[in-house]
Structure formats: C-alpha cells, structure tokens
Amino acid sequence: MITSTGLIRQHLIDPEVCIRCNTCEETCPIGAITHNDDNYVVDPAICASCGDCLGPCPTGAIDSWRIVTTPHSIDDQLGWELLPEDTGEIFESVPEGDDEARALLEVAHQGAPRAVAPKSATVPHLNVATRHSPITATVMGNYRITDPQSESDVHHLVLDLGGHAFPILEGQSVGVLPPSSPDTMRPVLRLYSVSSPRDGERPGHNNLALTVKRVMNNGRGQPGLASNYLCDLVKGDQVALVGPFGDTFLMPTDPASNLIMICTGTGSAPFRAMTEFHRRHLPSGPGKLLLFFGARTRSELPYFGPLMKLDRTLIDIELCLSREDELPVRHVQDGLRERAVEVTELLGHDATHLYLCGVKGMEESVRDVLAESIPDWPAREVQLLQEGRLHIETY
Amino acid sequence: MELIDYDSQIPNNVALASDERLKRALEQWHPGYLNWWNQMGPNGFADSEVYLRTATGVDPKGWAQFQYVKMPEYRWGIFLAPGDPERRIGFGEHIGEPVWQEVPGEYRAMLRRLLVVQGDTEPASVEQQRHLGATAPSLYDLRNLFQVNVEEGRHLWAMVYLLQRYFGRDGREEAEALLHRRSGDEDRPRMLGAFNEDTPDWLSFFMFTFFTDRDGKYQLEALAQSGFDPLARTTRFMLTEEAHHMFVGESGIGRVIDATLATMKAAGIEDPYDVDRIRTLGVIDLPTLQRYLNFHFSVSLDLFGAEGSSNAANAFASGLKGRFNEHKITDDHRLVGATYPVLRLQGGAIVARDEPALTVLNARLRDDYANDCANGVKRWNKAIEKSGIQFQLTLPHLGFHRRVGEFQSQPIDPAGNVVTDRTFDQVTVSHLPNATDRAFINSLMQPVYEPGNYARWIAAPKVAIDNKPGDFEFVRLHA
Ligand SMILES: Cc1cc2nc3c(=O)[nH]c(=O)nc-3n(C[C@H](O)[C@H](O)[C@H](O)COP(=O)(O)OP(=O)(O)OC[C@H]3O[C@@H](n4cnc5c(N)ncnc54)[C@H](O)[C@@H]3O)c2cc1C
Ligand code: SF4
Ligand code: SF4
Numbered sequence: 004m005i006t007s008t009g010l011i012r013q014h015l016i017d018p019e020v021c022i023r024c025n026t027c028e029e030t031c032p033i034g035a036i037t038h039n040d041d042n043y044v045v046d047p048a049i050c051a052s053c054g055d056c057l058g059p060c061p062t063g064a065i066d067s068w069r070i071v072t073t074p075h076s077i078d079d080q081l082g083w084e085l086l087p088e089d090t091g092e093i094f095e096s097v098p099e100g101d102d103e104a105r106a107l108l109e110v111a112h113q114g115a116p117r118a119v120a121p122k123s124a125t126v127p128h129l130n131v132a133t134r135h136s137p138i139t140a141t142v143m144g145n146y147r148i149t150d151p152q153s154e155s156d157v158h159h160l161v162l163d164l165g166g167h168a169f170p171i172l173e174g175q176s177v178g179v180l181p182p183s184s185p186d187t188m189r190p191v192l193r194l195y196s197v198s199s200p201r202d203g204e205r206p207g208h209n210n211l212a213l214t215v216k217r218v219m220n221n222g223r224g225q226p227g228l229a230s231n232y233l234c235d236l237v238k239g240d241q242v243a244l245v246g247p248f249g250d251t252f253l254m255p256t257d258p259a260s261n262l263i264m265i266c267t268g269t270g271s272a273p274f275r276a277m278t279e280f281h282r283r284h285l286p287s288g289p290g291k292l293l294l295f296f297g298a299r300t301r302s303e304l305p306y307f308g309p310l311m312k313l314d315r316t317l318i319d320i321e322l323c324l325s326r327e328d329e330l331p332v333r334h335v336q337d338g339l340r341e342r343a344v345e346v347t348e349l350l351g352h353d354a355t356h357l358y359l360c361g362v363k364g365m366e367e368s369v370r371d372v373l374a375e376s377i378p379d380w381p382a383r384e385v386q387l388l389q390e391g392r393l394h395i396e397t398y
Numbered sequence: 260m261e262l263i264d265y266d267s268q269i270p271n272n273v274a275l276a277s278d279e280r281l282k283r284a285l286e287q288w289h290p291g292y293l294n295w296w297n298q299m300g301p302n303g304f305a306d307s308e309v310y311l312r313t314a315t316g317v318d319p320k321g322w323a324q325f326q327y328v329k330m331p332e333y334r335w336g337i338f339l340a341p342g343d344p345e346r347r348i349g350f351g352e353h354i355g356e357p358v359w360q361e362v363p364g365e366y367r368a369m370l371r372r373l374l375v376v377q378g379d380t381e382p383a384s385v386e387q388q389r390h391l392g393a394t395a396p397s398l399y400d401l402r403n404l405f406q407v408n409v410e411e412g413r414h415l416w417a418m419v420y421l422l423q424r425y426f427g428r429d430g431r432e433e434a435e436a437l438l439h440r441r442s443g444d445e446d447r448p449r450m451l452g453a454f455n456e457d458t459p460d461w462l463s464f465f466m467f468t469f470f471t472d473r474d475g476k477y478q479l480e481a482l483a484q485s486g487f488d489p490l491a492r493t494t495r496f497m498l499t500e501e502a503h504h505m506f507v508g509e510s511g512i513g514r515v516i517d518a519t520l521a522t523m524k525a526a527g528i529e530d531p532y533d534v535d536r537i538r539t540l541g542v543i544d545l546p547t548l549q550r551y552l553n554f555h556f557s558v559s560l561d562l563f564g565a566e567g568s569s570n571a572a573n574a575f576a577s578g579l580k581g582r583f584n585e586h587k588i589t590d591d592h593r594l595v596g597a598t599y600p601v602l603r604l605q606g607g608a609i610v611a612r613d614e615p616a617l618t619v620l621n622a623r624l625r626d627d628y629a630n631d632c633a634n635g636v637k638r639w640n641k642a643i644e645k646s647g648i649q650f651q652l653t654l655p656h657l658g659f660h661r662r663v664g665e666f667q668s669q670p671i672d673p674a675g676n677v678v679t680d681r682t683f684d685q686v687t688v689s690h691l692p693n694a695t696d697r698a699f700i701n702s703l704m705q706p707v708y709e710p711g712n713y714a715r716w717i718a719a720p721k722v723a724i725d726n727k728p729g730d731f732e733f734v735r736l737h738a
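These protein sequences, in sequence, are chains A and B.
Counting from 4, one number per residue, gives the positions in the first sequence under this note's numbering.
Counting from 260, one number per residue, gives the positions in the second sequence under this note's numbering.
Just chain A, with the same shape it has in the complex (with noise of 0.2 angstroms):
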C-alpha cells in the first residue's frame, strides 16, 4: 500500500523486458496490475507486493522496483518505453540465501527498504542452515501466554538446539518448515521473529525462544498453516529450522544507545530479546528504552505478566489498549501522538534508535504522527534509514 509521507518500495514492470502476456494480470489476486496497448503496469495504490505474480512472469519483467517518495503514477507508466533512470534510491544488494525466506523478509522490510544496521550491531551470521540442510530442534517447552479466555492465543516455544551451532542476534528471525501436508504441494517456509537474546532462552542451553500467533483463518477459512503446527507442539516435538535471517533489524550494543521500540502482537517478540539483552549485559548503560506496546486488551497481550515485573528504570512502557473497557480508546499511535514531544527530543540524539514491529497496518498511522511532528520527516526519514537508526519490520 502507499503512504503519503517517507519512502516507497514501488513496484514496476520493466516494458524493455515484458512481451505483454497477461500472465501477472491473471494472478494478480487484488487486481493490482492493469495493461494498454503498450505496457503492463501496477497500481501503487493497490500492489500489497505479495510476489505471487513474480513466479509466474516468464520473463523476470515483473520483478523491478524502485524506491521512491512519489509513486510513478499509472498514467506514467502506462506512457513508458524504458524504465525510468533509477535516483540511486535502489535496494541495497541482498545477502544470497533462501529465495522465499528473502522474499518474505523484503516484503517485511519494505516499509524501510534502505535501513542499514546500527553501526554498533554485532555482524551477523546469515543462512547457517538451508532448507537443504535445516537443523532439528526439539520442543522444551510451549505455553499460551495471552489469558485463555481471550481471542488471541499467542505461544510462547523454548527450543533446543542440541549441539547444532546456530548463532542468533536479537531481532533476527529463523524459518520454521512444517511437514508437508497432502494438499501443500511444497515445503512451506515461515519466519518468526527469535524472542530471546542471543545467549539463548537460558543463557549456556543452547536454545532460543519464539512467539507465535495462532492464525485461526488464513483469509481462505482454513487455520494458519506454521501457527497451528507450531502452537500445537508438545515438549519432545522435533521442528526443522533454517536460517537465521535479517542483516538489518538488529540492535547497537552501544551501552549508551536509546532504543524506541513500537510494536503490537507477536511484533514484541524482537524487543523482548533486545529488552532481555539489555538486562543481562548492559544494565547500567545509560542508554533508554522505551516501549510502545498495543493490543486489544491486557488478557490478549503476549506476555503481559513478566512485562509488568521489569524494573522501571530498565524499560519505561506505554500500554495502549483499545478495547479494555473501563479505558479509552488508545492505538499505539495515540500512545505515540501523547508522547511525540520526548519522542522527537530523543530521535534528536545521534544515539537513538527507532524500531517498528507487527502488523503492516499500523506503520502508515506511525508515520503520520512522527510526520505531524518532526519537520521535514520523509528527509529525515531516508537519514534515519541510512544511519541505521530506522528498522520497521511488519508483517
């Protein structure tokens, strides 16, 4: 979808390369791609960048994109010959690895398609197991940790990595390879975020730990296929992992860095590892964290409890709760709107780091209040990128 402030992963079709065969427009499922005459093109304005149309193309045509601030319009392209000389805004070279893994993660990142690590993050290691040779990791642990009665029912699974090294950096993801089931025609990959910090679940164990929704409807009126495997394994369970993935949305280990962290749902799951690192070995840095946290109601917020037992002076938290019924209203950007002044003074800091974590909705509502409060945001925007001081991951 396109916003109106900061940067745009546009989506293109190169007409140099096309031969106009109709097949993206076919699959398209959102009917985001139209054609004249002359050219194929997408609609900003309607492209979710799902991929399913890059498979399909015959000719690698399909798969341009362009970061821009202004989307080209559908008129432009329409009127295209070649594709438009590229500002120097392009993606970044991507890691080689897995295909589908580095698709999912594109589209995670595309809300920050130019974000570089923090200067200060611990390089690291990518792609240390292969949907060729995934590691098996066994099951320690799995528990609801939303209230039983509420709607969401989020997981909370220790696994154990035995004696296979698979070194992890807070805020990366691994991916999850359920069985093959008879109507899966291919082994399905998903990621999920690593909740815990890079010495592990519990430090010295060799294991590490997710946090994951249970999808009840997958738009098509079937559970979710990984939640559901994963939610329902019980201790001894054997899962295959890949991975790790994600050379950008990690976090300086800088002691003085201030980290705000923004996130609803299972998009807690990076900063519960950050959080954790920072407890354990940084503790007296001078750095800030500050934790934007939203969910419809305390019983459906992952991890509720422990969050409510760290110290104040490790983590100041802002629970925005839009459906608890003795309290208004409130969405994370309302949390953020009341908070914009401290948020735009430590943004200010060289030190300061902004993340975003969760469901795709809420960035367009972030954006705008930082752009309502920060002058000349979508400049500030593409400097915060390049420093490595932005990261939105969603999903």
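To be clear, the hints were calculated from the coordinates, so they are not data collected in a lab.
Fair warning: there could be bad hints in the mix.
If you want the footprint, here are the derived chain B segments under chain A, 3+ residues with CB under 8 angstroms [unchecked claim]:
#	region
1	319-332
2	504-514
3	632-641
4	720-730
Computed spacing ranges between beta-carbons, pair by pair [as the list claims (entries may be wrong)]:
#	chain 1	residue 1	chain 2	residue 2	range
5	B	728	A	40	47 to 53 angstroms
6	A	39	B	702	38 to 44 angstroms
7	B	711	A	381	40 to 46 angstroms
8	B	302	A	381	56 to 62 angstroms
To give a feel for the contact side, a few chain A residues facing chain B, derived at Cβ under 10 angstroms [stated by the list, open to error]:
#	residue
9	24
10	30
11	54
12	60
13	66
14	88
15	102
16	109
17	144
18	145
19	279
Glycine residues also receive a C-beta, built at the ideal position from the N, C-alpha and C atoms.
Got chain A sorted already, so can you dock chain B with the ligands onto it with the hints?
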C-alpha cells in the same frame, strides 16, 4: 511392469492416486510416452542436467520451481487451475447454466476432436525441434529450448489426462494415437500443416515460438472459456507455461536484432541492404529476418483454419470453445444477428465484408492473433529505430502466401495487392527465405557451449531466467 508412485512422479492436483481407473490408463500409456520421448525428444541430451522450471502446484508459489533436472526425469504433471464452484457457462446456447464437470453426451464427439487436435500439436513441436540442441547459440538458449520441450511434453500429458479421464476407451485410443503420429512423416503426419514443417535452425525456432506457439496461446485461451470445466481449467494453467514460449521467441528475435544492429554500428554500416558485408560479419541481415518473418507468420495463420467454419460455429453455440477473452467481451455472447467484418477477395481486390459473426469465428480469432503479433513487431522496431538504421519489420498481409482459407494459393503480395498474371509461387518466392538465405543461416549454426558465451549472431539476454546471471551454467552438459 514397474509400479510408479504417481503422486511424487507426476505432481498433480487431480487426486490421481485415488483414481484407480485413470491410474491404470496412465500406467499403460506412460511407457509409450517415455519411449516416444526417448525416440523423438531432444536428441543427445538425455544425460545433461538442465536448470528447468518445474510446476509442483498451481498456486503462484508452487508452479515455478527451478532446479537441475535430467529431461527424462522431468516431473510431468497434471494440473488444473483452481476451480470456481459458482462458474457458469459464458457463451452460446447454454449461457448462464452451471459449467459441466462431465462431458455432455451430445457434444462428446466434438469435444474429443477439439482435444485431439490440440493434443496433437504438443508432441509435434518437440519432434520438429529435436535436433536443435546440437547447434545452440548458448547454454542459456539451450536451456530455454529444453524448457519449451518439456512443457510441450507436459501439455501432451494435460490433453491425455482429459482424454483418458473423460472419454473411456475412445479416449485411451486417441491418447495412444497421439504417440504414433510423427511430424513430417508422410504416412502418419501430424494433423495440422505448420506442425509438419521443418524447424531447421535457431532463427526458425525463434520465429516458431513467436508466431506458431502464439497460435497455441489463442487456441488455448479460447478453450479456457469452455463450458466443460476440466478443459477450461487445464488450458488456463497451460497458458501460464505457454507464455514462456512466447518469451523465448520475442526475446530471441529481439536479441538477433540487437546483435545485428550493434555489429552494423561497430562496422560503420548504415545501409540495412548492404547484405553481403553484414553477412561477412557473421550476423543476420534485417531483410533476411523479414523473409523468415513472412514465412512463419503466414504459415501460422493457416492454423486458424478457413475464415468461415461450421465447426467453429457449432463449438461456440454448444459452449465448448469461446472467443479470445470471451469473458471480457461485452455483447450477448450468443452472437444473435451479430456480424463481423471479414476480408474477402472480390472482383480482383480484397475487401472487408460483414458476415454473420457466428460463422466467421476463426477469422475473428485470427485477427486478434495478428494484432498481438503486430504489437510484438512494434517492439522490435523500436530497437531498430533507436539505432538510427532505416529499416522496419512488417507483418505481411493476411492474404500473403496462404494455403488455407479465402486466400489459398492466391497471388497476393505482402502489401496485400492482388497481383495478376503471375503464379502463386512467383509472387511469393522473393518474399520468403530462399536457398541462399537458408544456407547462410545454416552456416551460422555452430554450438556455443561455454557458460556466458553467445554466438556472434545473437546478443546476451538483458535478463536471464530466475534472476540468474548470463554466465550461469544453465545446462551441465557432461553430468
Ligand atoms: C520477518 C518476519 C517475522 C515474523 N515473526 C513472527 C513472529 O514472531 N510471530 C508470529 O506469530 N508470526 C511471525 N511472522 C508471521 C509468520 O511468518 C506467518 O506469516 C504466520 O505465522 C502465518 O503463517 P501460517 O502458515 O500459520 O498461515 P498461512 O497458512 O500462511 O496463512 C497466512 C494467511 O493468514 C493471514 N494471517 C497471517 N498472519 C496473521 C495474523 N497474525 N492474524 C490474522 N491473519 C493472519 C494472512 O492473510 C495470510 O495470508 C513473521 C513474519 C515475518 C516475515
Ligand atoms: S506483488 Fe502481489 S499484489 Fe502486487 S501486483 Fe504482484 S500479485 Fe499483485
Ligand atoms: S507476466 Fe511478465 S512478461 Fe507477462 S505481462 Fe506480466 S510482466 Fe509482462
């Protein structure tokens, strides 16, 4: 007989494993198919590992899996595009009724005929292209050829599935017969003329995939409208694969043009008719390209049959075969009282005459096709225009060099003038590839098998396949 695990060998979404009757029929047919492939499939590359795209499912993520595969081990599959339980017949006398999941008795013969004719074209092109691997201009092109070949093979499977699943013993016999006809064989030729022509060289192959396979696209699209739902869904999925063939043709010729233009420029040649000099440089001159184009376009037009056809009218009225993009056309979809302008010879000139639309459906499909071809030619011309060289490729007139329909054996020149006092052959000969052209093209056909190298007469692709670089080892020859 060796038992085959059909679900893993033959990826499918038709519950093959649980359909005993179909499985038995396929088990009987499969050895013959493999035998045919070994005899008539790409000559000499059975052991090479080819970086092929295999479909393992019809959802967007499942249908393009790239991996190295030996062609005989390619996983031929049976795929139907996702169904719509609410789908209704979109045209003809049954318009608005629910689509058929079984063959309506009264249309059985007509439907079988449609399937057999379509099915017959698929193995034919494999046969025609059998020897081309020996002279591929690059590993990239070699891969594309083989991709086209295995997909034609899979399309044969698709038609055979329909025949065996829905047409009982008759269907099984027709499926068997598809394996016994041979392109160009005088005693048992393929059913349509163009599929008995030679594809002697790579230029012809690119022309074939651009022009002749595009006929396939139009036929398949018209069948994808069918009220017989299994046919509609099968052909809809085939169309996604067919698009690759069109790509091979369009980009192949585009790259030939690029190589010619670049070489002419480098040698300071501005005159496209300076043929001898251009040929000495080892690239294909544009006038020769035009003659090849004339030939392949006109031969492909013949595939649409005669302008007026009661078969086509019946197939439409019965709801079996629609028009191109029938669902996007806004009329009554029954063609009551509708007319369509058709080109006819009248008093020594060619005129457009309005005729009952139902009877000239072939002409309409052919016009849609010609329009699509013209758009492709337009894109090639853009490249020529940009180079500053004064030359434009053109499609010859619909009446030029035809062997079927209204203009059959008429002395019509590429511009559409009816030329008097000359025989068909004399008119056409100077506009079709001649023996010298063929010998010259043939002399260029030397294999280039080093990764990243391309024959002089063809440029490297702008984008290779699956985001791979041009020097990727698309075929491992000695695996
Ligand atoms: C970088 C990255 C990190 C991720 N981290 C996490 C994580 O830490 N925890 C986590 O639970 N998930 C995470 N996800 C999402 C996860 O990868 C899966 O998409 C999700 O679990 C659904 O997969 P599935 O196989 O169960 O559903 P599928 O069978 O794939 O069905 C997916 C469909 O369900 C719908 N759907 C997906 N998620 C939701 C949702 N949350 N609510 C409602 N509908 C939904 C969508 O329409 C989607 O098309 C992450 C994704 C990415 C890209
Ligand atoms: S990426 Fe998805 S939404 Fe966008 S054009 Fe392609 S299929 Fe449509
Ligand atoms: S599928 Fe690819 S080649 Fe075909 S029209 Fe779309 S972009 Fe062009």
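Results of checking the hints against the structure:
no., hint, result
1, 319-332, "holds (count 6)"
2, 504-514, "holds (count 4)"
3, 632-641, "holds (count 3)"
4, 720-730, "holds (count 6)"
5, 728/B x 40/A: 47 to 53 angstroms, "violated, 33 angstroms"
6, 39/A x 702/B: 38 to 44 angstroms, "holds, 42 angstroms"
7, 711/B x 381/A: 40 to 46 angstroms, "holds, 42 angstroms"
8, 302/B x 381/A: 56 to 62 angstroms, "holds, 60 angstroms"
9, 24, "holds, 4 angstroms"
10, 30, "holds, 6 angstroms"
11, 54, "holds, 8 angstroms"
12, 60, "holds, 8 angstroms"
13, 66, "holds, 7 angstroms"
14, 88, "violated, 16 angstroms"
15, 102, "holds, 8 angstroms"
16, 109, "violated, 13 angstroms"
17, 144, "violated, 32 angstroms"
18, 145, "violated, 28 angstroms"
19, 279, "violated, 35 angstroms"
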